[in-house]
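Number of protein chains: 2
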Amino acid sequence: MIEAAEARLKGHARRTPMLSSPFLDEVAGRRVFVKAECLQHTGSFKFRGAWNAVAALNPSGVLAYSSGNHAQGVALAARMRGIPAVIVMPADAPAIKIANTRALGAEVVEYDRATADRDALGARIAAERGLTLIKPYDMAEVIAGQGTTGLEIAEQAAEAGITKAEVTVPCGGGGLTSGIALALEARAPGLVVRPAEPEGFDDVARSLATGTLQRNARLSGSICDAIITPQAGDLTWPVIRRLCGPGHAITEDEALRAMALAHDRLKLVLEPGGAVALAAALFRPGADTVIAVASGGNVDRAMMVRALAA
Amino acid sequence: MIEAAEARLKGHARRTPMLSSPFLDEVAGRRVFVKAECLQHTGSFKFRGAWNAVAALNPSGVLAYSSGNHAQGVALAARMRGIPAVIVMPADAPAIKIANTRALGAEVVEYDRATADRDALGARIAAERGLTLIKPYDMAEVIAGQGTTGLEIAEQAAEAGITKAEVTVPCGGGGLTSGIALALEARAPGLVVRPAEPEGFDDVARSLATGTLQRNARLSGSICDAIITPQAGDLTWPVIRRLCGPGHAITEDEALRAMALAHDRLKLVLEPGGAVALAAALFRPGADTVIAVASGGNVDRAMMVRALAA
Chain A
22 MIEAAEARLK GHARRTPMLS SPFLDEVAGR RVFVKAECLQ HTGSFKFRGA
72 WNAVAALNPS GVLAYSSGNH AQGVALAARM RGIPAVIVMP ADAPAIKIAN
122 TRALGAEVVE YDRATADRDA LGARIAAERG LTLIKPYDMA EVIAGQGTTG
172 LEIAEQAAEA GITKAEVTVP CGGGGLTSGI ALALEARAPG LVVRPAEPEG
222 FDDVARSLAT GTLQRNARLS GSICDAIITP QAGDLTWPVI RRLCGPGHAI
272 TEDEALRAMA LAHDRLKLVL EPGGAVALAA ALFRPGADTV IAVASGGNVD
322 RAMMVRALAA
Chain B
22 MIEAAEARLK GHARRTPMLS SPFLDEVAGR RVFVKAECLQ HTGSFKFRGA
72 WNAVAALNPS GVLAYSSGNH AQGVALAARM RGIPAVIVMP ADAPAIKIAN
122 TRALGAEVVE YDRATADRDA LGARIAAERG LTLIKPYDMA EVIAGQGTTG
172 LEIAEQAAEA GITKAEVTVP CGGGGLTSGI ALALEARAPG LVVRPAEPEG
222 FDDVARSLAT GTLQRNARLS GSICDAIITP QAGDLTWPVI RRLCGPGHAI
272 TEDEALRAMA LAHDRLKLVL EPGGAVALAA ALFRPGADTV IAVASGGNVD
322 RAMMVRALAA
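Order-wise, the sequence lines are chains A and B.
The C-terminal position of the first sequence is numbered 331 in our numbering, with every residue numbered one higher than the one before it.
The C-terminal position of the second sequence is numbered 331 in our numbering, with every residue numbered one higher than the one before it.
There is no bait here: all hints are sound.
Dumping the calculated DSS-like pairs for lysine-lysine here, alpha-carbon to alpha-carbon at most 27 angstroms: (1) B:K31 with A:K31; (2) A:K156 with A:K118; (3) B:K31 with B:K156; (4) A:K31 with A:K156; (5) B:K185 with A:K31; (6) B:K118 with B:K156; (7) B:K31 with A:K185.
Partner residues aside, some chain A positions facing chain B, computed with beta carbon under 10 angstroms: (8) G32; (9) P38; (10) P43; (11) L60; (12) H62; (13) T63; (14) N121; (15) L125; (16) A281; (17) L287; (18) D321; (19) L329.
These aren't lab readings, by the way, just hints derived from the structure by calculation.
Even glycine gets a Cβ: it sits at the ideal position worked out from N, Cα and C.
Model the full structure from these sequences, guided by the hints.
Below you can see the structure in the form of structure tokens.
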């Protein structure tokens, strides 16, 4: 399915570069490579899964629940396919995210987090209009789309002469993590995925440590909002358990420092949740070579100023 | 010479991506593409010319005068070739630039701008140690190296179906501008280069308007310090005169706004001088399609904060 996704994404998604800097190697005390997925369409890897799902399922219209990167990925994929997209978003989502999603051609339906039943609302709209739900991670077509990142990493690592490395990946519901792990299992078995999560929201690290699926106690209160989910998915967790090395729990200060170093040394804009894997590569011990996935760059200006002032 | 440079750079320089965003198209009222040369090694296109010069001339050691991007490009190229590099820098250059150049393995020789004769100092060191001077722009091997950016633009434009466009290029001494113009003349004659300069330092725009080589009245006082030179070179000016369309003179406010939009919409870090061509693409009328070269991203954190707060 990942290979089929690769064929569908060709000419539509970007093949993002793998970058490095001798200055980052010095900070980390090892070789660091960065897969710059913040340069993907809509500023995050989410476009890959969204595009693959709409291209594979060929729906007449799509619906998604999201206040963030998945919303923009689905909106742009639908627009490029010429089909309608409805995004169900909380009314208190940041105005800029609602505006960006609308600007990509989607219809945004707002709901009140306190009183409305989001799932019932979405199901009713989908049934009335014949829309197909595109889930953010627990959906095979979405995982396969994210996995194309792993095929590119395998190729780019081979070009750089890397046969053995850790691959750190920002992990929320696990779509990107499991997709990359599956791709590398087949194409570059010497590259081992390690999930990176925010401290206090490290359900996957705890799940890997205990061998059983753990949940997060809280779902808000992190600057890494893009990768906060209740728990890994029914499809993603078994893959992660089977293929991934131990998880990293990253502090907010480490994420902000990784953002500042990506600014200085790679000329990349990362959001906090998109910087946790780079933070793990820079600040935590591990293999001699590490490839960090920089999964997204949708950060508001105030947060970037905070990172640069730290 | 540009084709020979392309062969030399293969596997050493990065093929930088050409990016776009529907949000930038909306700001500009036309299609905008951005050649992200800030993602090149050392954060600017300068590595291309430096690498080509050391690979073509095969010197036993190199010397350059620079307080900025050329210094870092020459330092890294020399280190990758395993030869010594001496960079002659004013003692009052920013400490971070001196430190970065040293960290790339170069020997930095400082001089006092007020009292020392820089050229005499450099000539003496070069003669004593058998070093070859790598000029920042008025040198055929350097122009050919920068011209490889144009070969990539021609290919990437063809892939995107673009046969007719303006190509805006940040212009100091004209190495990048003339190199790209020569490459496009041969490979994509429907793409016409227009130089972009800071307002008040628009010697090339005035030279093009009058048909005779003009000089800048001042050489300091611009945030676009990376592209301030006395005048275009003896080699670069005849090429620019023959091939380029009218120049753009960009205000500091426009450069800062282009930096903020590159941050928000492309996830790229640009320095002010590296953002003037994008500013021209966004804020000045012209052809229906424009390809802006984002030539460098070596900006300090305070300047980026200033751009984001504007």
